[in-house]
Amino acid sequence: MNQNKPSVIATGDFLYFAPAGQAFTVPQAGVVSNVSKPGVTDPIWTTFALGTVKKPTQDKWDGKPVKISAPMPGTGIVVTTNIIRPTQGLQMMVEMNELFRVALAGFYKSPLIMLTDTALYPLSRSDGLQGWLKRQRYDAAKGLWITDDWWVDVDVTDLATDEENVIHPKFQFEWLYSPLAGTAI
Amino acid sequence: MFKKDKVESIDHKNLPKPYKPDELQKLNDARQAEAESQKSETKPEEKAE
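Protein chains in written order, with our numbering: chain P, 10 to 194; chain H, 11 to 59.
It cannot be assumed that every hint is accurate.
Each computed BS3-like pair below joins lysine-lysine, with the alpha-carbon atoms no more than 30 Å apart [stated by the list, open to error]:
no. : chain 1 : residue 1 : chain 2 : residue 2
1   : H       : Lys30     : P       : Lys151
2   : P       : Lys73     : P       : Lys179
3   : P       : Lys151    : P       : Lys63
4   : P       : Lys14     : H       : Lys23
5   : H       : Lys36     : P       : Lys69
6   : H       : Lys30     : P       : Lys179
7   : P       : Lys14     : H       : Lys30
8   : P       : Lys151    : H       : Lys16
9   : H       : Lys16     : P       : Lys118
10  : H       : Lys49     : P       : Lys179
11  : P       : Lys63     : H       : Lys16
12  : H       : Lys23     : P       : Lys118
13  : H       : Lys36     : P       : Lys151
14  : H       : Lys27     : P       : Lys14
15  : H       : Lys30     : P       : Lys73
16  : P       : Lys76     : H       : Lys27
17  : P       : Lys63     : H       : Lys30
18  : H       : Lys30     : P       : Lys118
19  : H       : Lys36     : P       : Lys64
20  : P       : Lys63     : H       : Lys36
21  : P       : Lys63     : H       : Lys49
22  : H       : Lys16     : P       : Lys69
Honestly, the hints are just simulated from the structure, not real lab data.
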């Protein structure tokens, strides 16, 4: 992304997902975890496809900011000199056009549905569904302007049906710490 | 805190082809077997201690 001047961006987002615990082979054999991220040419990114993005939104939250107050030099007036935000978080809420197995597993709280599975078992998962989320955002003029690598907890809050009876799963991705997380601009 | 690994982008004109169901199953089984064999290799040492 050109950082020389501010720009107006109408974004088209693409999401790729690699679920925790799945084997991958690129750049070397490994298992997806918060300390092990598949390379971009590994087929795992497209095996558990989420679909196309209808509406991407994101949010951040802070815990209560702590204000540090101190007197201005040489005066008795106490003013705010700093604000510390010790608790922080990032979320991504995305509405998709298609329904696929990660959306079903997320909504029904079942274990991850594998390609060969023919059934799912609702409410049979107590731990979170985690994985690597790669979000690529394209603008109309300049192409790819940002790529996010987030290690996330996945929740599907709703399998919403629109006026034409089309189902749009609503994903909520919560950013979790990983030393391999980052964003390319 | 963060490793300065480059964040790479997937080439949208040349997307990786998804794993076939049996391919991924085989990979996962192989990794599982490898993890279990490593566990069983370390067990005798634990017992010796």
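Going down the list of hints, with the structure as the test:
1. Lys30(H) x Lys151(P): 34 Å, violated
2. Lys73(P) x Lys179(P): 28 Å, holds
3. Lys151(P) x Lys63(P): Within the cut-off at roughly 21 Å; holds.
4. Lys14(P) x Lys23(H): Between Lys14(P) and Lys23(H) the Cα gap is close to 28 Å, so the pair holds against 30 Å.
5. Lys36(H) x Lys69(P): 40 Å, violated
6. Lys30(H) x Lys179(P): 27 Å, holds
7. Lys14(P) x Lys30(H): 45 Å, violated
8. Lys151(P) x Lys16(H): 21 Å, holds
9. Lys16(H) x Lys118(P): 33 Å, violated
10. Lys49(H) x Lys179(P): 40 Å, violated
11. Lys63(P) x Lys16(H): Answer holds: Lys63(P) to Lys16(H) is near 28 Å, not above 30 Å.
12. Lys23(H) x Lys118(P): 34 Å, violated
13. Lys36(H) x Lys151(P): Given that 30 Å is the threshold and the Cα spacing comes to 41 Å, the pair is violated.
14. Lys27(H) x Lys14(P): Not satisfied, since the Cα-Cα distance of roughly 37 Å exceeds 30 Å.
15. Lys30(H) x Lys73(P): Violated, at about 48 Å.
16. Lys76(P) x Lys27(H): 51 Å, violated
17. Lys63(P) x Lys30(H): Measuring from Cα to Cα gives roughly 27 Å; hence the hint holds.
18. Lys30(H) x Lys118(P): This hinted pair holds, its Cα atoms lying about 25 Å apart.
19. Lys36(H) x Lys64(P): 36 Å, violated
20. Lys63(P) x Lys36(H): 34 Å, violated
21. Lys63(P) x Lys49(H): The given pair, whose Cα atoms are some 45 Å apart, is violated under the 30 Å limit.
22. Lys16(H) x Lys69(P): Since the Cα atoms of Lys16(H) and Lys69(P) sit roughly 24 Å apart, the hinted pair holds (cutoff 30 Å).
Of the numbered hints listed earlier, those contradicted by the structure are 1, 5, 7, 9, 10, 12, 13, 14, 15, 16, 19, 20 and 21.
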